Amino acid sequence: AVSLPFAVGQCGNQVGCRFWDLALREHAAVNKKGIYDEALSSFFRNVDTRSGDNGPDIYKGKICSLKARALLIDMEEGVVNEILQGPLRDVFDSKQLITDVSGSGNNWAVGHKIYGCQYRENIVEKLRKTAEHCDCLQCFFIIHSMGGGTGSGLGTFVLNLLEEEFPEVYRFVTSVYPSGEDDVITSPYNSVLAMKELNEHADCVLPIENESLFEIVNKIHQMINSGKLGSTVKQNSLVTSNAGHAKTLQEKPFDAMNNIVANLLLNLTSSARFEGSLNMDLNEISMNLVPFPRLHYLVSSLTPLYTLADVNVFSRRLDQMFSDAFSRDHQLIQADPKHSLYLACALLVRGNVQVSDLRRNIERLKPSLHFVSWNQEGWKTGLCSVPPVGHSHSLLALANNTCVKPTFIELKDRFMKLYKKKAHLHHYLQIDGMEQSCFSEAISSLSDLIEEYNELDATKGGPRIDPSRLKIAV
Amino acid sequence: MSIVTVQLGQCGNQIGHEVFSALCSDIRGTHGLCSQKENESYQDSCKERFFCQEESGVPVARAVLVDMEPKVISQTLSMAASSGHWRYNSHSHFCQKQGSGNNWANGYSVHGPRHKEAILNLVQKEAEKCDRLGGFFTIMSVAGGTGSGLGAFVTQCLRDAFPSSFILNHVIWPYGTGEVIVQNYNSVLTLAHLYHSADALLVHENDAIHKICAQLMKIKQISFPDVNQVIAHQLGSVFQPAHSAGGGSGYSRNPLGDLLEPLVPHPEFRLLGLRNIPQMPESSLPFSTFSWPGLLRHLRQMLIAKAQMEEGIDWQVRPPPPGSSMPSTNKPLHFNTSIANLVILRGKDVHSVDLGSFRDPSLYTSWLNPQDAFNAWKTPRAFNKYEKSASLVSNSQFLLKPLDSIVGKAWNMFASKAYLHQYTKFGIQEEDFLDCFTTLEQVISSYTNL
Numbered sequence: 001a002v003s004l005p006f007a008v009g010q011c012g013n014q015v016g017c018r019f020w021d022l023a024l025r026e027h028a029a030v031n032k033k034g035i036y037d038e039a040l041s042s043f044f045r046n047v048d049t050r051s052g053d054n055g056p057d058i059y060k061g062k063i064c065s066l067k068a069r070a071l072l073i074d075m076e077e078g079v080v081n082e083i084l085q086g087p088l089r090d091v092f093d094s095k096q097l098i099t100d101v102s103g104s105g106n107n108w109a110v111g112h113k114i115y116g117c118q119y120r121e122n123i124v125e126k127l128r129k130t131a132e133h134c135d136c137l138q139c140f141f142i143i144h145s146m147g148g149g150t151g152s153g154l155g156t157f158v159l160n161l162l163e164e165e166f167p168e169v170y171r172f173v174t175s176v177y178p179s180g181e182d183d184v185i186t187s188p189y190n191s192v193l194a195m196k197e198l199n200e201h202a203d204c205v206l207p208i209e210n211e212s213l214f215e216i217v218n219k220i221h222q223m224i225n226s227g228k229l230g231s232t233v234k235q236n237s238l239v240t241s242n243a244g245h246a247k248t249l250q251e252k253p254f255d256a257m258n259n260i261v262a263n264l265l266l267n268l269t270s271s272a273r274f275e276g277s278l279n280m281d282l283n284e285i286s287m288n289l290v291p292f293p294r295l296h297y298l299v300s301s302l303t304p305l306y307t308l309a310d311v312n313v314f315s316r317r318l319d320q321m322f323s324d325a326f327s328r329d330h331q332l333i334q335a336d337p338k339h340s341l342y343l344a345c346a347l348l349v350r351g352n353v354q355v356s357d358l359r360r361n362i363e364r365l366k367p368s369l370h371f372v373s374w375n376q377e378g379w380k381t382g383l384c385s386v387p388p389v390g391h392s393h394s395l396l397a398l399a400n401n402t403c404v405k406p407t408f409i410e411l412k413d414r415f416m417k418l419y420k421k422k423a424h425l426h427h428y429l430q431i432d433g434m435e436q437s438c439f440s441e442a443i444s445s446l447s448d449l450i451e452e453y454n455e456l457d458a459t460k461g462g463p464r465i466d467p468s469r470l471k472i473a474v
Numbered sequence: 001m002s003i004v005t006v007q008l009g010q011c012g013n014q015i016g017h018e019v020f021s022a023l024c025s026d027i028r029g030t031h032g033l034c035s036q037k038e039n040e041s042y043q044d045s046c047k048e049r050f051f052c053q054e055e056s057g058v059p060v061a062r063a064v065l066v067d068m069e070p071k072v073i074s075q076t077l078s079m080a081a082s083s084g085h086w087r088y089n090s091h092s093h094f095c096q097k098q099g100s101g102n103n104w105a106n107g108y109s110v111h112g113p114r115h116k117e118a119i120l121n122l123v124q125k126e127a128e129k130c131d132r133l134g135g136f137f138t139i140m141s142v143a144g145g146t147g148s149g150l151g152a153f154v155t156q157c158l159r160d161a162f163p164s165s166f167i168l169n170h171v172i173w174p175y176g177t178g179e180v181i182v183q184n185y186n187s188v189l190t191l192a193h194l195y196h197s198a199d200a201l202l203v204h205e206n207d208a209i210h211k212i213c214a215q216l217m218k219i220k221q222i223s224f225p226d227v228n229q230v231i232a233h234q235l236g237s238v239f240q241p242a243h244s245a246g247g248g249s250g251y252s253r254n255p256l257g258d259l260l261e262p263l264v265p266h267p268e269f270r271l272l273g274l275r276n277i278p279q280m281p282e283s284s285l286p287f288s289t290f291s292w293p294g295l296l297r298h299l300r301q302m303l304i305a306k307a308q309m310e311e312g313i314d315w316q317v318r319p320p321p322p323g324s325s326m327p328s329t330n331k332p333l334h335f336n337t338s339i340a341n342l343v344i345l346r347g348k349d350v351h352s353v354d355l356g357s358f359r360d361p362s363l364y365t366s367w368l369n370p371q372d373a374f375n376a377w378k379t380p381r382a383f384n385k386y387e388k389s390a391s392l393v394s395n396s397q398f399l400l401k402p403l404d405s406i407v408g409k410a411w412n413m414f415a416s417k418a419y420l421h422q423y424t425k426f427g428i429q430e431e432d433f434l435d436c437f438t439t440l441e442q443v444i445s446s447y448t449n450l
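Top to bottom, those sequences are chains A and B. Be aware that the first sequence starts at 1, since it is given in the UniProt record's numbering, and climbs by one per residue. Be aware that the second sequence starts at 1, since it is given in the UniProt record's numbering, and climbs by one per residue.
Since the hints were made in silico from the structure, they are not lab data. Certain hints may be false.
What the hints assert, rightly or not - Derived lysine-lysine pairs resembling DSS-like cross-links, with alpha carbons at most 27 angstroms apart: (1) B/97 / A/62; (2) B/401 / A/471; (3) A/32 / B/97; (4) A/196 / B/417; (5) A/366 / B/425; (6) A/471 / B/417; (7) B/425 / A/196; (8) B/125 / B/218; (9) B/385 / B/348; (10) A/126 / A/60; (11) A/33 / A/234; (12) B/211 / A/366; (13) B/97 / A/129; (14) A/338 / B/417; (15) A/422 / A/460; (16) B/417 / A/366; (17) B/97 / B/116; (18) A/196 / A/113; (19) B/417 / A/126; (20) B/47 / B/378; (21) A/338 / A/366; (22) B/378 / B/348; (23) A/32 / A/60; (24) A/460 / A/366; (25) B/401 / B/417; (26) B/218 / A/366; (27) A/420 / A/460.
Keep in mind the model is a prediction, meaning the values are calculated, not measured.
Pulled out of the complex, with its shape left as it was, chain B reads as follows (with noise of 0.2 angstroms):
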């Protein structure tokens, strides 16, 4: 099954370019270190998913790029191009001159409906060039006015469009210290529509990426590029192909329903965050050796924890005692609840490792039965050149926090009725600000009763 992605604004365009790279190089890459059978195997079903074969024999990206300006695609379409290794179709992108100002009304309300058809007849395009539609990824910021306002309408015309198809967003949480000043209003505005549209949210957030980058990659100079390649890791670390646990001998034919359907039982929790283990600059990989024990023992502390990265984490923090069903304000502050799970281990000797401890029912609600809530991909193909990496999807209360941040800000700002002229003036009222925050209030009051 193919996804088709979709592109949206600077920040989807730029990690959508690193996102494909990272997925080329990996499969181009010789250190699979497991069969050539196997290693076969990964490389057409990466291929399937994620490009097009055209007679050049240069894969084709399924991909539609979007943005309201002209310079970040222009860009991107020659990067690709000049790699050598892949390419975005010639067509399948749709820009304008002006932008949308960071202006999420402008995106949503007239740039919107404004150019829905031809972005919708690409859509359609990619769509068709599958043999099999297995849905939609989309990227985009949540704090500028393209990826935001424009995305969420597209979003929203993706599922009027396609209402059984599989719709992933992910989203780039901006740094805490602003990078746009009304920022806040766009994310609210933003995650309270895709709420409504999307099957999930998988989250990133740049403040923890940055981490990543100065204290496990050890960059010093710190640029977006970097950044946008640590999250096209860890996007390709959960999207290459990997076996499912009773999914037989062939790689999963339905990645997005694979993903979605353990992840997300409820429609009123989407929120999904993303972990990566281990990560360090690619000079450090030939001489660092790990074990899955050991991996496994830092991902399960990271999620009880909510650690962004596996330096720093908080030992202390303990699940509540087994057997005891506990209301929520009971249980040990700082302990991460989830609803699902879902690991997905790369590499050597991962027919050997024990998750048990992921099972622990004493980490779930109790909704689920816990073999429902946790499940598990597994594939002896190295990805990245990483001997063995681990990654976590988590349907969880990691992203409880920064949402609440977001939508206090925001409420703070609202209150004083700051910027609110610019918005009125595209159509976005103050009536419109309250159904988002409240849909957000309500999202961040069910994972904190969780």
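Isolated chain A (complex conformation) (with noise of 0.2 angstroms):
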């Protein structure tokens, strides 16, 4: 089954270029006979380019010239040149780009509503075209960040029309939130007016905060810096690591940031890709992760962030592993699920791990954690042969935990300091199609939401009563 990632804006390709990369390397370490198979084929096509890039698609066989499934997708051309450019050029052809030059000057309303109305037919068109080339669509990844204009506003716009034209299809969205020192004036109305959309529209959102993929960046630094463990880590298993199937690959400023995205989403995807004792597929997750429909944000947490060369101590390194998952400073986004409530919570495990493993940690870790009362033993779990590149084993964590709300909170306070002021409330207004509506609107989506969360932390520690069962009659 396919799973088709769209990065749409600035944020959204510099994490997918990672992305693309990241998943080269993954297959290249996993098929060593140059097979095109079932694990291959969920992100890339594999094209006959002996007669050019048009050629037919191969489905089996040996490998020729493999195609990322995806769309890019942004309103200046900067990021996605740099691409093309690259030495990812090859995997991605000229038919999955949409690019336009003058950017969204961070403005919602300018990629929702303009850039959406002008490039909606085009989209439409590319998307199908990707589509036929899948045996089988399951889901569709948008990774895009909240503050700005394109990523936020046209990110949306076609979360909102892959409902629209492929209704069954599960709709999975990684979104970058904004800090609170965010230099973007207006990223709080951008992330509201997003919001809106994914409270309506996304099957599971995965929220990231830039803040916390920058202390895990600083925490390996140390780490490696600091000499202290006198073990060395291996380069390759950094979970901000750049080292890619493309070697030659200069490091940016995000960059370690944006593989730790990255890694997020192939390790999302991994039970469905490669073969284990107990699978987890992507339409497990939405299905055992959202207990009620607007309460789908999961706050994510990969572990180990990086291994040792040394092989000793294979299971306390393991039991590490698993209680480093629910620590606040793997999380993520700025949160602490521990001292929240739990709704849900699944645990796939890659690589040398059994289901004792999983057993035994549960069992430890569970008294610590709370669960809400009609889901006290609700884990999903996963068990995946094979792990990460670098690593004997990695663990994601998702959970559907109320330590989301501060976030909310926070976006929505920030969201009310500027609109009471009407603070570049024009900007937006003038824009065909925008009112004060969608304004009000979003901000009573995000305080409903908010709402949800605060009823469900009312229930956390209270008494717990048991329904009475059904009685039959003897």
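Can you join these two chains into the complex? Each is in its own frame, and there are hints to help.
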């Protein structure tokens, strides 16, 4: 089954670029014989390019030329051009790109209303072509940031479009949320306007905050430079590593952070691509982690962040991996799931981990976690045999947890600060199709969402009253 | 008579593969401990039941593999083929690309009707290859989406297409502490539906088998293949040929019928539990000897005290005093009342074994005559390298507590309406859930009041 990533906007495409590079590396490490297999086909087409770029797809047999199943959308050319001139140029063809020159001016309305309208047909056509090449399309991934104009506005326009054109295909969105010190003044407007779309049209959202990525990058630097541990770190095992397939790639400022997000997506889809004793497909993630339609925001964490070169103390390292997955400083947003309420939790392990390791750690960690009363045993687990490159095992944890609430509350507060003063509002309202009601509806949608989390939090630690069972006449 | 196995979903296919491997490895083993004639008869009978002999000489399993995604079937087919000792028919499988998403409704209401014809065609083909069809054996987990939902649908179709054949569903109940968050919903929906179409449900619980792996098999890092191999051993100990009491000199020609007719005398009581002793790491086998009285003493106490394995048995539990007919509420707590039991003995000196303790009327409800409530099969042919091996298939209160636990957790979640939108999206409504809850509460009540 195929997963189709859409990178929209500058941030989205920078992450996307890292994603494709690391995906190629992962598959090259596993696929020794150069045969085009099911695992590869979930992200790549195999094209016969002997007669040029428009050759037919080859469905079996040797790998000829791998092309990413992707759409790269940006309303500026800089990032996409760089990708096309770089080492990944052969992985994409022009039919997968939609670009413009002027950008969206950090204005959600420009991205959503103007470019959305302008490029709708173009996007639908390219989408259909890409989907045609897929045997079985299971999932769309949108990768974007919330704070700008293109990723946020056009990205959520695409989300709407996907629901209209392919209602049965799951829509997963990886959204980078702006921090408080974001240099884009209007980022709260853009984010809240985008949130309404995510609330209504996404199946699952994986929120990411730059601060968290930054802290993880720092943590790794400190670890490497401290020399304390005495053992060397395997370079290619770093979750921030740029040691992708394309070895000549120069490291750019956000690369380390973007690699983390790229690894998130690789791990998320690993059990759908590779075999294991307990498979976990993307539709299972949505099924198990979304108990009520609007509560579909999942906090993610990846461990380990690196692998030490020595292979001693296997099981202690393994259990440490599980503990780390629940620690505050491994989450990809600023959140502390341990002190909030879990609605559901998924653990996807890769590599040399067996069911008894999973069970032992669930039992060990469960007493320190708070689960909602109707889902006390709310664990979804998956075991994938193939570890990520450079690791013997890894863990991806996805939590539907009320710890997302502070992120949303802060967002709302920053929005209200601007909105009360009507700051910069005219830039939006002057766009065709934008009205004051767009703003009031958006903030209302966010407030409702926050309220749902509040209601759940209110039940935390409360008395547990199990509903009475049906009575059968004897 | 031959049995056609239908492997459903990841769990069903992984276990099915281990079962055929175990059966094949057992008949190829030279540890028969019996006469050559006996051994040959055993091998022939096993092959007739489970394998088709083809020109190449490699036995072909009488099985249909079904899954909604391709990876597991692909792996299963190639593992079997690479063993060199048996394989699956390369056409007897059906798969799709997408999986069922752990969604029972998707498996039952969408995949089921969509693929009914293709799947039944494959089953029909396998059935036609049998000289005499002895019935169907389906393997599935109740926690996921395909084994559970599509499995329930397929079982119903089998019942409609083969109304007079025996259908035994082997169902795996998941670990209590979650493998799948909606596992209790999926379990309730599956068990209620199966109750209406299957003859019986033979249940294995992951928690119980896990304990066996840890404490008896002494495995340090227990994997699903380890769990599945223990399950396969236990199933093999029931399905390999044995002589039934009145069955004359040959091996049973009607294995499913002989199993199900005495054990399921009443349609309200279809839950069968399985116990097997002894179980130990293969490396310990040469150093262990057992006596039948010792083994049977343990097995009987496991029955009475609802123990899952031969360690940690509560020896304090005793049956109620004989001669008194007690209302169920007065029976000693923790005592396991049986409707019917079957003990299967394999190996050395079986002919001399005294099974009187299992015929004790105080173990049973009063409905059946004690001689009908208890049956025994024996064979001098040892199974899977165990010099002596005893199995118990029991229709009793073994599964009452685990079933009650599953229903309780599902009800708790249902009351909050969590996840229901995922099911209604595919056509399973709240009323459908309620019907299933009602069916299972009825089953729980019936077993409680034995």
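Structure-based check of each hint:
no., hint, in the structure
1, B/97 / A/62, "holds (22 angstroms)"
2, B/401 / A/471, "holds (17 angstroms)"
3, A/32 / B/97, "holds (24 angstroms)"
4, A/196 / B/417, "holds (24 angstroms)"
5, A/366 / B/425, "violated (31 angstroms)"
6, A/471 / B/417, "holds (20 angstroms)"
7, B/425 / A/196, "holds (22 angstroms)"
8, B/125 / B/218, "violated (42 angstroms)"
9, B/385 / B/348, "holds (11 angstroms)"
10, A/126 / A/60, "holds (24 angstroms)"
11, A/33 / A/234, "holds (25 angstroms)"
12, B/211 / A/366, "holds (20 angstroms)"
13, B/97 / A/129, "holds (20 angstroms)"
14, A/338 / B/417, "holds (25 angstroms)"
15, A/422 / A/460, "violated (38 angstroms)"
16, B/417 / A/366, "holds (24 angstroms)"
17, B/97 / B/116, "holds (16 angstroms)"
18, A/196 / A/113, "holds (15 angstroms)"
19, B/417 / A/126, "violated (40 angstroms)"
20, B/47 / B/378, "holds (19 angstroms)"
21, A/338 / A/366, "holds (10 angstroms)"
22, B/378 / B/348, "holds (10 angstroms)"
23, A/32 / A/60, "holds (15 angstroms)"
24, A/460 / A/366, "holds (15 angstroms)"
25, B/401 / B/417, "holds (24 angstroms)"
26, B/218 / A/366, "holds (25 angstroms)"
27, A/420 / A/460, "violated (33 angstroms)"
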